[in-house]
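Trainee: Just so you know, full-length UniProt numbering puts 28 at position 28 of the sequence shown, and the rest follows in order with no gaps.
To be clear, the hints were calculated from the coordinates, so they are not data collected in a lab. Any given hint might turn out to be false.
[Said to hold, decoys possible] What follows is a set of in silico ranges between Cβ atoms, one per label pair, in the way DEER data are often shown:
1. Gln111 - Glu150: 42 to 50 Å
2. Phe48 - Ala99: 58 to 66 Å
3. Asn64 - Tyr112: 57 to 65 Å
Cβ coordinates follow ideal geometry from the N, Cα and C atoms, glycine included.
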Amino acid sequence: MKENMQESVSVQGAEAQETKGTAETPLLGKFKSVDALLDAYNSLEAEFTRRSQRLRELEGRSANGESGAGQKPAAAVLPTDAGESVHSADGGPKDVAAAVPDELREKIIAQYLSKVRNEAPNVLAGGGSYVGAPKARAKTLEEAARQAAELFKKSVQGE
């Protein structure tokens with residue numbers, strides 16, 4: 001039994017030495033050598049330094065109130081109620097009521113009112129009720145035909 005334990009300890013020690021040997025070689029990932037990794041790190045550090053300096057410069061401009069090229073222009077001042085005014089470049093009327101001639105306005109209103117008065121409003125046919133099943137079921141074909149005819153008459157009268 002002691003021999004088995006000694007063998008297992010020696011096997012575990014050998015495995016530990018093998019993994020220790022692989023741990024000494026660095027894992028470089030996509031880089032082929034340590035020099036390639038160092039070059040990539042140096043270029044990354046230089047790019048980071050450039051961007052940090054650029055950011056510091058832009059923050060300084062912003063703090064000083066200088067206008068940068070990337071700033072948005074100020075929005076145009078809009079009226080409080082855009083529906084009440086008409087914007088025109090030639091300096092025309094600013095009020096909507098003044099922009100439309102009186103004759104045209106009255107003609108449009110008259111056409112609208114005549115259309116509304118002549119047409120009935122759209123409503124649900126039959127008062128919004130639903131069609132239910134008949135209370136009594138038909139026992140013969142003739143009785144079913146009579147019940148169907150009554151339902152059709154009721155639905156036509158309801159419209």
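Trainee: Taking the hints in turn, state whether each one holds.
Mentor: Status of the hints after comparison with the structure:
The given range of 42 to 50 Å is respected by Gln111 and Glu150, whose C-beta atoms sit roughly 45 Å from each other. For Phe48 and Ala99, the hinted distance range of 58 to 66 Å is satisfied, since their beta carbons lie about 59 Å from each other. Distance hint for Asn64 and Tyr112: a CB-CB separation of about 60 Å, consistent with the stated range 57 to 65 Å.
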